[in-house]
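Asks: Sequence:
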Amino acid sequence: MKRRECLPLFLASMLGMSVFEAARSKERAPVKIAEAWPAHTAWLILLGAQERLVACAARPDDVPWMFHLVPTLRHAKPIRSGGLNPELLLQLGVDLLILPASEVSHEKILRKLGLAVVSLGFSDFKGLLECLDMTASLLQTDFAVQRAKAYRQFLLGSLGDMREYGAGPRILHVASLSPLKIDGTHTIIDQWIRASGGCNAATVSGNHIDVTQEHILAWNPDIIILSATITETEYFSQQPIFSCLRAVRQGQIYHNPAGLFLWDRYGPEIVLQVQWLKQIIAIGQAHRMDLCDDVREFYHNFYGISLKQEEAGRILSALPPS
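1 is the number of the first residue of the sequence shown in the numbering used here; add one for each residue after it.
Treat each hint with caution, since some may be false.
[To be verified] Label-pair restraints from in silico Cβ distances:
(1) Glu232 x Asp62: 40 to 46 Å
(2) Cys244 x Ala282: 23 to 29 Å
(3) Ala167 x Arg249: 19 to 25 Å
(4) Arg28 x Pro71: 22 to 28 Å
(5) Arg28 x Thr203: 45 to 51 Å
(6) His255 x Ala150: 28 to 34 Å
[To be verified] List of simulated lysine to aspartate or glutamate pairs, DMTMM-like, C-alpha gap at most 25 Å:
(7) Lys278 x Asp124
(8) Lys149 x Glu297
(9) Lys77 x Glu51
(10) Lys126 x Glu234
(11) Lys112 x Asp124
(12) Lys32 x Glu87
(13) Lys32 x Asp133
(14) Lys308 x Glu87
(15) Lys308 x Asp290
Source of the hints: derived by calculation from the structure; they are not laboratory data. Just so you know, even glycine gets a beta-carbon here, dropped at the ideal spot from N, CA and C.
Please construct the entire structure, taking both the sequences and the accompanying hints into account.
Replies: Written out as structure tokens, the structure is:
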């Protein structure tokens with residue numbers, strides 16, 4: 001492969017072009033993609049580009065459903081964001097490297113080494129849709145454009161009106177227990193909490209924020225959601241110090257579902273997260289039969305995957321493939 005085929009992308013900033021304009025000016029779409037942002041791998045699958053992945057940072061241990069349902073990913077070389085090996089990527093003939101926005105400072109040196117690079121990220125639904133459209137434009141297929149359009153319509157139809165801060169039940173999203181970390185405002189987590197009809201119980205800003213037990217006691221959430229990566233699901237109900245919390249007294253502690261990617265983070269299934277939490281807020285529980293149907297329909301429409309009822313149930317329970 002001739003490296004000059006990628007020139008429009010890695011010279012975009014020098015030429016004063018946007019990545020979108022650069023992608024449109026290319027003679028051919030990227031054939032070999034290296035994905036250094038694990039969450040974004042799910043968006044490439046949604047847009048039909050899984051066969052183009054020659055390297056990715058997603059790991060089977062972290063996202064087992066992704067590798068179970070899209071087994072071709074097992075052929076991709078494992079890479080690590082923040083510790084990329086440019087020589088390996090050049091040997092693989094990578095003509096597009098996707099970095100998480102947190103690694104944008106590495107773009108310049110990687111471009112000097114001959115790699116076409118773009119950094120992507122978002123922290124709200126507006127940014128999510130911009131990221132989706134950017135990715136579709138980079139792939140340059142009618143399928144990607146149409147799938148992105150369909151997802152946009154589905155997401156916007158599911159969101160409804162965003163709650164103002166302070167309105168609705170107070171919801172705390174716990175990212176980890178040891179150390180104790182939560183997700184605050186100005187995050188995509190805060191966005192889906194508000195879109196579902198709740199408000200963030202945390203008064204701090206940012207992802208994975210270290211907090212104390214005293215913080216949680218002071219916030220006294222109505223609902224606690226545990227990340228799918230947390231295995232100690234009885235932690236709050238078994239700790240005497242938390243027995244006074246409204247969420248504990250009313251049995252409103254939930255384990256977040258996880259599918260192709262974590263529902264609560266930066267993958268396409270964030271729209272299912274909104275539907276799941278809306279039910280919890282409305283009726284005090286998640287109606288599994290309805291949600292199983294929603295999950296199966298989503299996978300069919302947006303991943304092209306025929307999911308079994310039992311598989312949908314395991315996803316809703318944050319369980320790995322059987």
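Asks: Between the alpha carbons of lysine 308 and aspartate 290, is the straight-line distance 25 Å or under?
Replies: holds, 14 Å
Asks: Using the C-beta atoms of glutamate 232 and aspartate 62, is the stated range 40 to 46 Å upheld?
Replies: violated, 18 Å
Asks: Within 22 to 28 Å or not, the Cβ separation of arginine 28 and proline 71?
Replies: holds, 27 Å
Asks: I want to verify a distance hint. Is the separation of the beta carbons of arginine 28 and threonine 203 within 45 to 51 Å?
Replies: holds, 50 Å
Asks: Just to be careful, I want the Cα atoms of lysine 77 and glutamate 51 compared with a cutoff of 25 Å; is the pair within it?
Replies: Holds, because 13 Å separates the two Cα atoms, which is no more than 25 Å.
Asks: Hinted pair, alpha-carbon criterion (25 Å max): lysine 32, glutamate 87. Please report holds or violated.
Replies: holds, 15 Å
Asks: Going straight from one Cα to the other, do lysine 112 and aspartate 124 come out at no more than 25 Å?
Replies: violated, 32 Å
Asks: Given the proposed pairing of lysine 149 with glutamate 297, does the C-alpha separation stay at or below 25 Å?
Replies: Given pair lysine 149, glutamate 297 holds - Cα atoms ~17 Å apart, limit 25 Å.
Asks: Starting from the range 23 to 29 Å, see whether the pair cysteine 244 and alanine 282 falls in it by beta-carbon distance.
Replies: holds, 26 Å
Asks: Does aspartate 133 lie within 25 Å of lysine 32 when you go C-alpha to C-alpha?
Replies: holds, 19 Å
Asks: Next pair to validate is lysine 126 with glutamate 234; report whether the Cα-Cα distance is within 25 Å.
Replies: violated, 35 Å
Asks: Between histidine 255 and alanine 150, is the Cβ distance one that fits in 28 to 34 Å?
Replies: Roughly 30 Å apart at Cβ, these two residues keep to the hinted range, so it holds.
In this structure, the earlier hints numbered 1, 10, 11 and 14 are contradicted, and the remaining ones agree with it.
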